[in-house]
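Please take these sequences and the hints and turn them into a complete structure.
These protein sequence lines map, in sequence, to chains P and E.
So my numbering is basically just the index in the first sequence, starting at one, shifted up by 113.
So my numbering is basically just the index in the second sequence, starting at one, shifted up by 685.
Calculated directly from the structure, the hints in this document are not laboratory data.
Note that the structure is predicted; figures quoted are calculated from it, not measured.
Hints are supplied without guarantee of correctness; some may be wrong.
As the list claims (entries may be wrong) - DSSO-like, lysine-lysine: derived pairs with alpha carbons at most 30 Å apart:
# : chain 1 : residue 1 : chain 2 : residue 2
1 : P       : K572      : E       : K831
2 : E       : K822      : P       : K427
3 : P       : K574      : E       : K831
4 : P       : K427      : E       : K745
5 : E       : K822      : P       : K572
6 : E       : K831      : E       : K806
7 : P       : K574      : E       : K806
8 : P       : K427      : E       : K898
9 : P       : K399      : E       : K831
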Amino acid sequence: MAGPAKDTKITQEQVALTPAEMAKDLLVTFLLALAILGPLVGLRTTSGSGTLILEYRPLWAFGMVAAVVAVRLLSLLYGMGKMAAQGRAAPQTAALATAKAKTAIDWGKFLAPTLLVLAVALPFIAMLFPQMERRIVDLGILVLTYVMLGWGLNVVVGLAGLLDLGYVAFYAVGAYSYGLLATRYFPAWFGEGILPWAFFVTLPIAGILAALWGMILGFPVLRLRGDYLAIVTLAFGEIIRIVLINWMDFTGGPNGVSGIPRPSFFGLPFDDSPGGFAATFGLSPKPIQRIVFLYYVILVLALITNYVTMKLRKLPIGRAWEALREDEIACRSLGINTTNTKLTAFAIGAMFAGFAGSFFATRQGFISPESFNFLESATILAIVVLGGLGSQIGVVAAAVVIVGFFEVFREMNFLKAILPEGFDPVQLRMLAVGLAMVLIMRWKPRGLVTSRDPTVYLKEKKAVSADLVGEGHG
Amino acid sequence: MSTFPLNPLLRVEHLTMRFGGLVAINDLSFQAGRNDITALIGPNGAGKTTVFNCITGFYKPTEGMITLSHDDGGDFMLERMDDFRIARTAKVARTFQNIRLFSGMTVLENLMVAQHNTLMKASGFTLGGIFNAPGYKAAHRDAVDKARHWLETISLIDRADDPAGELPYGDQRRLEIARAMCTNPRLLCLDEPAAGLNPRESDLLNRLLLSIKNDHKIAILLIEHDMSVVMGISDHIVVLDYGQKIAQGTPDEVRNNHAVIRAYLGVEESEEDTVAEVEAIVEEAVHQPIEREQGAAPLGNEDLPVMTTGAVRSTARTAAKTATPARKPAARKTKPVAKKSARPVARKAARKTAKKGGRT
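Here it is in structure tokens:
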């Protein structure tokens, strides 16, 4: 409660920023930028005739310093304008913050159906750009996969407040369940006839197996809290990957599993055979048809994940998850078995990862342990955290920003024309993603969507401001 | 001193809790009557909250038995049960000294979480709930009605949809009690419910507690420092000091009990020891334990009342706060002078009561 009052005070002080103070600020900025950029940009070593030659680039250095100072000036002017506007307004209170959060929810209500319509229509929109169609739908599939993984992890991290750094392990369990069952066991057990159906048969099995692994991991681990839980889940993720690499007989080791059957349109294969999808519907067979089908499969899977999660949130189990995140001791004093509650969160999160893994295997047709390294876990966790813990729509936004940015940068060849010689946009994409993360964390430290929607209400649904919502501590 | 209630709801027998070398509760026995308000009072660090944590299963007692017997004959040995099972099956609810609400959830949600076990069963452990089973919908409505009833009782119905963390302090205290009541308890344990309340709020609290006792027929075990609450509503008071019971009885009996007065206020004007006497006692207090330490008598053995003379006990109090058994002589000497005059008398009183009634 002390926060807003303090902010107001600062506001009033900063409104009265004199030109002299501003000049001082800019001078400091200039000196700092010069100190950092001067040696880094202004001096360059080139190897000529066997020795290193120091090359001076004052124009480059001063150009960049000037740019930094200009940005600082603009931000000062912008900040002053904004603060002046705020200073005139009544002092901010927690109630106002909640009111603000409320408008955000209304906006979110409008946003979600728009996004849904957009998602459903995407393959048709892509058709308008024939040369990029495949690329757009592929990107859509990738983003949706991460949205689904983000939603699954959101159950564990966002709702139950358990930091899981090894989420990709369950993704791997799902992928290998499908890969191994469909290539090795199903043909032996049921004959080749099962293969067009393999994906739909394996999907629930993969989910169950991943949930089982979630529980196997959960039992010993969930007594740990906070950092310790994070480290053990991280280790578990690595153990799964290393077992996959080393268990040659079963998993194929680093060679992975190849020849995984592609999904069929409920029994109709996507090929030019007379019994295929295209022939049955009187279309000309095109490879894009399978991609579009895959797109809708992952869309449906993601929507199921979202629906189940939202439903669970409103059930006693979901409320217990959130209560656990808020205060574990209070939960125990109310007779909630916290171990079981954590375990269900872990298992359900893992189950969705298993579904997504199964989809990943059928989409790629080939899986290897390389696909399930720690970077994947980190990316999914980053999506959840940037989106705002516990927020479903935030996860979508963050997945689009992180995964979308990452992939779009591969295609930005036109940037080469703008950028100076030797600057490759493909190499800048890590930098751009990092910058995006820093900016989001700077302006939205609690993630993109920072309010919590109550699960039950008497008269009026008021969003809870994120300042009050706990982050969980394992 | 009054006798124990005839048909007690809660029996605490020979409860001892040690943290390493520190004895937080030493051989404590008391009972809480069915449909009584029993208050547990004592100076800071007397071990009251530790008793609560033992009863509600957050600590496992070192020794002793805690039995809760329901009206319908069910007996529960609380010292052997997990904390959440005590709340779920033995039906003991508690509040906390530092309020522990789910501050990011709304007031109504807090009360819904309290009914978790009932709702879980009704939702068929979530499976029925996902498919909107009619049984679950009815249970959900009942739960909301119950929450509404309690919100009306504590007059927070208008704030039902606000986050619990935004409520004023006094409202948070009452909400925590309402949340505990939503678990359908047989015994309600309140840890300093009046702490930080103004006189008007503590009057409201008194009325709430009396209504819980009279209208809902639920026994209350209460830790409290606010004497207007304790004396106003308690049927039975147990006084602790240094982990031992120094007195018990009705409010009137306790109010006039010398041991209690000494424990709280130190020595009375009329029987004040001369400075020399006090100094002699302090000397004894400071030196005796040193000899005892060399004599290898472990802390917490049979003759603890004699051993824990004032000076050592205040060290024990410091130790209780830092959770280390600090027994350095230097720590004893830094004792404030004001305490010196009070403590030895309290020690004598403790010794007297320990001999008289501390051990049953």
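Going down the list of hints, with the structure as the test:
| no. | hint | result |
| --- | --- | --- |
| 1 | K572(P) <-> K831(E) | 16 Å, holds |
| 2 | K822(E) <-> K427(P) | 12 Å, holds |
| 3 | K574(P) <-> K831(E) | 19 Å, holds |
| 4 | K427(P) <-> K745(E) | 35 Å, violated |
| 5 | K822(E) <-> K572(P) | 18 Å, holds |
| 6 | K831(E) <-> K806(E) | 17 Å, holds |
| 7 | K574(P) <-> K806(E) | 26 Å, holds |
| 8 | K427(P) <-> K898(E) | 33 Å, violated |
| 9 | K399(P) <-> K831(E) | 61 Å, violated |
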